[in-house]
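Protein chains in written order, with this note's numbering: chain B, 55 to 231; chain C, 55 to 231; chain D, 55 to 231; chain R, 55 to 231.
The reader is advised that the hints may include incorrect statements.
The list treats identical chains as one, so a pair stands whether inside a single copy or across any two.
Here are the simulated BS3-like cross-link-like pairs (lysine-lysine), alpha carbons at most 27 angstroms apart as the crow flies [stated by the list, open to error]:
(1) Lys105 to Lys72
(2) Lys213 to Lys227
(3) Lys204 to Lys227
(4) Lys111 to Lys227
These aren't lab readings, by the way, just hints derived from the structure by calculation.
Number of protein chains: 4
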Amino acid sequence: MFIPIILGTAREGRQSEKAAQFVLEEVLKYGLESEILDVRDFRLPATDASKQSDVAKKLAEKITRADGLIVVSPEYNHGYPGELKMMLDMLYTEYAHKPLGICGVSMGGLGGVRMVEQLRQVATELHMVNIREAIYFSGIQNLFENGKIKDESFGGRVKTMLDELVWYANTLKQGIK
Amino acid sequence: MFIPIILGTAREGRQSEKAAQFVLEEVLKYGLESEILDVRDFRLPATDASKQSDVAKKLAEKITRADGLIVVSPEYNHGYPGELKMMLDMLYTEYAHKPLGICGVSMGGLGGVRMVEQLRQVATELHMVNIREAIYFSGIQNLFENGKIKDESFGGRVKTMLDELVWYANTLKQGIK
Amino acid sequence: MFIPIILGTAREGRQSEKAAQFVLEEVLKYGLESEILDVRDFRLPATDASKQSDVAKKLAEKITRADGLIVVSPEYNHGYPGELKMMLDMLYTEYAHKPLGICGVSMGGLGGVRMVEQLRQVATELHMVNIREAIYFSGIQNLFENGKIKDESFGGRVKTMLDELVWYANTLKQGIK
Amino acid sequence: MFIPIILGTAREGRQSEKAAQFVLEEVLKYGLESEILDVRDFRLPATDASKQSDVAKKLAEKITRADGLIVVSPEYNHGYPGELKMMLDMLYTEYAHKPLGICGVSMGGLGGVRMVEQLRQVATELHMVNIREAIYFSGIQNLFENGKIKDESFGGRVKTMLDELVWYANTLKQGIK
């Protein structure tokens, strides 16, 4: 089962990279195939849903093969990063019937939850299935030490999300055949 | 397959009843079992998630048996009616893994879409699956004549919603067993 | 300056009452006139925007006299309590050009922020002015001891909210005259 | 009074340009100073809130001088265009206490209302004041003929928005001095 992880910010000095790396390790440990799709590698200067660009083709290959999707992204001014939205808007039908798990990242105490809520609205339009479980990386700037997460409860949270994500991925596939 | 329809307003003179009645007829025509769950019959004076009230028990019986759910509701001040929220908040686990289709109703031209978006956020927390298709009954006060809908395209819209709702209901059931 | 506080849940055993009581004390200490408008005293069995009910008249008297408004409310299933919505929907023009500060309450760690966001959308339709500052009472069940708040930083948070609320109340009044 | 108009999409073949041009004419006719701030002229490859880039400096000059702001933008997959979000995220304090009017644009019948709602959530975090009035350019692809808008009621809608925007701009300025 292939569950890629979209890293949703290209900002210089981004903290979300640590969270994405941690989630990737947990997903691999869980026994799934995965990789990080870094928004830095999927950029266009303007929204383009034509699917004709090279990056759109590269993204389409990944999303088509994916059984589900995880997004790890910070919240900027209560919304999602612009570069993440432009990346998602490159495709449309490729997302259909795939479950989505969202991990919010913030410096403050609310873990990017408003970004999570806005992104879920977008995902519904993309025919994705929002799972209930989300993960909130609050206080990201103090959460990691030497590349290791300090709060060990996050391992269990990712596992809970993956249980649900994998259940949906397996179940939805039975409807598509 | 049992797809009940929640009528989400108890307001005197409610227009949404006509839309709910129309949707019910289309759902029956489609070959599904259905009935209207009128919020007037599921009221409490305060939010109560104890599931101990008689109306909560009556609702639990219906939701447990349901394969999916349709809500027909007006938008009041860009949100959902309070009585609808109190009704939904009576239960929790009963909703899990069931698809939800929402029909918005408004006097104006935007068909209750903001209520639809807010309700979808609630539904995700209830572990329901939001389907992409929604129906927008704009200008409800002029949409019916002698109990018949004047714009015949709504029949096709309900069918499109039901196709998706039934697909999800059938598919999700395979994961639950 | 009169800044009443709406307590937005009528649920048996509600925890938000402690938060509302705390906010009331801080508002009085700040030198403002205030009182709690308890949703238990402003209930109707169905949404009614006719303004003809006794409770609507009682609420209209309070809101008309208010210079701004604070809502203290829990989040139920990622939305606002139904009884709060029915209370707010009783009126319309009375709210115009008044600033609104929202205090979210939750048992979990996100302080009712999703309720805050949904309520802000409603407030915009009511012509109210959403101030940026909000207060999040996370883990409410452990936040008070013998009627005193254990985390003293909340005093400063209420003051920050009131600074902004009072600035808006004073400023907006100059436009109305 | 200076009320610039942000054109929020850089997409090839964008239809929103016609709506922005129409709004500009109406704003000038109303007697205000205005100009279009085209997102094509305010682009960065990644979110950058450092305010150090040339485009951020150019934008800061405009926003600082503005008494209020209008955004004209399409809705893409129920959200705002990524390039618009990256443009707004360039600044922060410059937006404070300024009113915002949003014009949604869509090919379908709902006029970009979901983008409007998401953008309002962002604007609250930017300390802007969301005015109630919004304008919905539904069916944009058929709305203009030879550069003229076919539905003349839009002139009145812009006027209603400007009445409110100017009232807020004038009123809020009195609080800042």
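Hints and how they fare:
With identical chains, the CA atoms of lysine 105 and lysine 72 are at most 27 angstroms apart between copies only, with a shortest distance of 25 angstroms across copies and 30 angstroms within one. For the homomeric pair lysine 213 and lysine 227, the shortest alpha-carbon distances inside one copy (21 angstroms) and between copies (23 angstroms) are both at most 27 angstroms. Proximity of lysine 204 to lysine 227 under the C-alpha cut-off of 27 angstroms is found in neither arrangement, the shortest distances being 36 angstroms within a copy and 39 angstroms between copies. Proximity of lysine 111 to lysine 227 under the C-alpha cut-off of 27 angstroms is restricted to the intra-copy arrangement: shortest distance 23 angstroms within a copy versus 34 angstroms between copies.
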